[in-house]
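Taken in order, these protein sequences are the chains called A and B.
One gets my numbering by counting positions in the first sequence from 1 and adding 12 to each.
One gets my numbering by counting positions in the second sequence from 1 and adding 123 to each.
Any given hint could turn out to be false.
Ranges of calculated distance between the beta carbons of each label pair, as one might list FRET restraints [unchecked claim]: (1) B/Thr470 x A/Ala52: 27 to 37 Å; (2) A/Glu288 x B/Ala213: 47 to 57 Å; (3) B/Ala420 x A/Leu296: 24 to 34 Å; (4) A/Thr282 x B/Asp178: 14 to 24 Å; (5) B/Ala213 x A/Arg50: 54 to 64 Å.
Keep in mind that the hints were calculated from the coordinates and are not lab data.
Heads up, the beta-carbon is just placed ideally off N, CA and C, and yes, glycines get one too.
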Amino acid sequence: MRPLDGIRVLDFTWVVAGPVATRILADLGADVIKVERRGAADFGDRRGGLSGTLMRGKRSVVLDLNRPRGLDLARRLVAVSDVVVDNFSARVMSNLGLDYEELRRLKPDVVCVRMTGFGLTGPDRDHVSYGPTLQALAGYTLLMAEPDGPPAGFGYSYSDLAGGNLGALAVLAALWQRSRTGRGQLVDLSQLEAVASLVGPTLLARGLDGGTSTPTGNASQERPGAPHGVYPCAGAERWLAITVFSDEDWGRFVHALGDPEWTRAARFATRAARLEHAVELDRLVAAWSRHQVAEEAMVLLQGAGVAAGVVANAEDLCGRDPQLAARGHFVEVPTPEGRTVRIDGPPFLLSETPARVGGPGPLLGEHTDEVLAELLGSSEDELRALREEGVLG
Amino acid sequence: MRGALAGLRVLDLTGQQGALAGKLLADLGADVVLVEPPGGGPLRAIPPFWQGLPDPERSLFFWFYSTSKRGITLDVARPPGAALLRRLAADADVLLESEPPGRLAALGCGPESLRALNPRFVIASITPFGQRGPYRDWRASDTVAQAMGGMLFVNGHRDGPPLRALGLQAYHQAGIFAAVGVLGALFARDRTGRGQDVDVSLQAAVAGALEHVTGLWHQAGTVAARQGTLHWTRYFRVGRCRDGWVMHCTVGDWTSLVEWVKADGVAADLGDSAWEDVRHRATGAEHLFDVLDAWAARYTVAELVEGAQLRRIPYAAVRPPEGLLRDPHLAERGFFVPIEHPELGMTVPYPGPPFRLTDTPSRIWRRPPRLAEHNDEVYGEVGLTPAELATLREQGIV
């Protein structure tokens with residue numbers, strides 16, 4: 013049993029943010045039916061890897077929504093779904109005649125989640141966006157930089173993950189409300205607002221002090237402390253994150269290093285003093301770390317009770333990390349073709365009714381006949397006729 | 124109007140690692156009771172402070188994560204405090220906690236003890252590495268969790284160090300997944316009548332907030348590298364305008380973009396038909412963005428973004444977070460919500476909820492609690508008499 017057994021999600025999402033939201037619902041047991049069109053770009057092998065990680069456990073139906081009969085099939089699927097999700101620009105679903113008012117006529121208690129870039133109202137509601145542009149607008153790109161350095165930002169669309177993971181929460185909250193009252197509702201999720209809501213206390217501070225934010229490299233954003241940052245280790249592109257906050261942390265750190273002479277300087281004796289001399293401290297820590305194997309230094313420092321960790325690259329993460337392996341974070345999933353593909357699993361564990369990867373990513377249109385027959389009672393003759401008309405892609 | 128989660132009672136024992144989970148649930152309408160040690164929880168000691176004055180009631184850090192929560196104090200480390208926690212748990216739906224694995228059990232407040240009193244109880248633990256596995260007793264800060272979860276390696280310039288995110292995104296993702304897991308457990312409880320444990324690891328939560336890193340490894344053994352502001356898809360890069368930075372985008376309406384650059388007379392070879400193939404634009408991204416950078420330098424950020432959006436090209440300003448505070452679009456949508464802090468005689472503009480449930484909105488229902496503000500109220504609700512409460516207060520338990 014899984015928590016969302018019996019819940020059906022009609023999934024019009026594409027690229028990343030929307031599929032991230034619906035993959036969590038699929039992990040939790042929902043029957044997620046992806047409505048796709050032929051010719052849309054994807055990320056290679058649909059079964060595993062990046063596509064499979066986005067589409068794990070979903071079913072795929074191809075419908076040509078620009079044909080009346082294709083749209084009619086979509087509307088009939090709405091009538092048997094609990095949740096309808098899309099992440100198009102605001103006007104797309106309206107232009108298709110699938111806005112919330114219409115969906116509600118088809119399914120009175122539907123939960124409709126519109127994951128647009130800018131939201132359904134406001135002067136920029138029709139602006140176009142992708143994850144990189146939204147995280148730039150929210151301040152991440154400019155502020156993720158070294159002090160006085162040019163913007164660097166995320167190497168990927170964190171905004172899509174922020175909006176997607178929060179989108180799953182929005183669906184669950186609306187479904188919870190529906191389970192208590194019998195009423196569905198419209199959820200207006202602006203991906204800009206979703207990622208902006210995660211900037212955190214900095215944004216509250218700027219609202220109060222009217223000040224200017226400047227990049228602080230890898231300095232702490234929680235309790236102030238030093239050394240705090242990312243330090244080079246032996247070998248190419250090997251790095252260790254080390255975070256020392258309290259004087260007790262410092263004592264453990266110094267002890268782990270074998271009490272070297274330089275750590276006894278008065279200018280490093282207290283947290284305030286270490287913060288004041290953080291640049292010099294970083295240089296000295298780097299002079300030590302440069303000769304360490306990253307994994308060994310991590311074990312040494314963690315053994316002493318210091319929060320430290322390898323800056324994991326893809327191979328560290330997926331191929332070597334014993335902790336994620338012990339949690340079963342990455343899974344091998346068999347495909348109907350007899351292959352085995354690797355996919356990321358849900359990042360949280362439920363003890364009694366676990367979320368899990370229900371299957372590999374679907375091939376394009378793999379479940380068209382199955383879904384239309386099962387949910388709409390379409391006969392083989394009808395399906396053949398629809399296919400000949402080009403309605404099924 | 125009541126929130127979507129009205130009627131749910133949540134006990135929030137978390138520190139900064141899990142504080143967002145309680146905020147999300149509280150803003151959605153759950154009755155979230157923040158349980159702090161008698162001297163105040165760790166968040167109250169974290170800067171920045173209002174007007175720079177360190178004080179448990181002036182931490183903006185605490186304020187951000189504590190909206191809509193009620194607040195009580197309780198020393199769970201001492202037996203009468205642990206007993207009182209069990210009494211609170213008997214009457215609640217959910218516990219959020221971020222203690223080191225095993226600590227609550229050692230205090231007699233582990234999942235078995237609490238569920239013996241309340242079989243329907245959902246317990247969500249947010250810890251650096253989760254409740255089991257070889258690293259379960261290791262420590263992590265937000266930065267260490269970002270590092271070990273794979274977020275950090277791919278951020279930064281090629282010749283510089285990896286860079287951590289703006290904001291505590293390991294804690295934030297863990298908070299989101301905890302809230303998701305709690306709701307999943309509550310849906311399951313509707314069927315089974317039983318609660319369960321939700322095990323959230325900061326490291327795994329970060330790994331669950333990656334895009335290309337794991338997928339490209341799974342499918343091709345590719346180790347994604349840092350490449351400055353060039354997005355991994357190679358369709359986005361930061362460029363310089365007259366007065367600031369802009370995010371270029373070469374997916375969207377390519378024809379309109381090229382027409383525009385051509386009209387300005389600096390299109391170089393961008394008019395070549397080969398560039399119409401989106402894959403070619405990825406392959407030749409460095410050259411493409413160099414041409415676009417030279418073009419963008421003649422515009423202000425505002426001119427470029429306005430012109431691009433008119434042509435349905437997804438350009439955006441690269442601006443500091445305070446740009447959000449001055450954004451007319453967000454102002455019209457009321458993203459920032461003014462909340463009164465009467466004790467300080469001020470109004471605080473809180474960033475709004477991440478999404479809008481139009482019928483039962485997520486909103487800030489009350490300002491963050493002052494230390495011990497709701498002791499009488501909450502302990503009264505579980506049946507403590509004023510005399511009992513006075514005794515506990517004398518003992519320093521509350």
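So, going through the hints one by one against the coordinates:
no.: 1; hint: B/Thr470 x A/Ala52: 27 to 37 Å; verdict: violated, 47 Å
no.: 2; hint: A/Glu288 x B/Ala213: 47 to 57 Å; verdict: holds, 50 Å
no.: 3; hint: B/Ala420 x A/Leu296: 24 to 34 Å; verdict: violated, 41 Å
no.: 4; hint: A/Thr282 x B/Asp178: 14 to 24 Å; verdict: holds, 21 Å
no.: 5; hint: B/Ala213 x A/Arg50: 54 to 64 Å; verdict: holds, 57 Å
The structure fails hints 1 and 3 (numbered hints given earlier, in ascending order).
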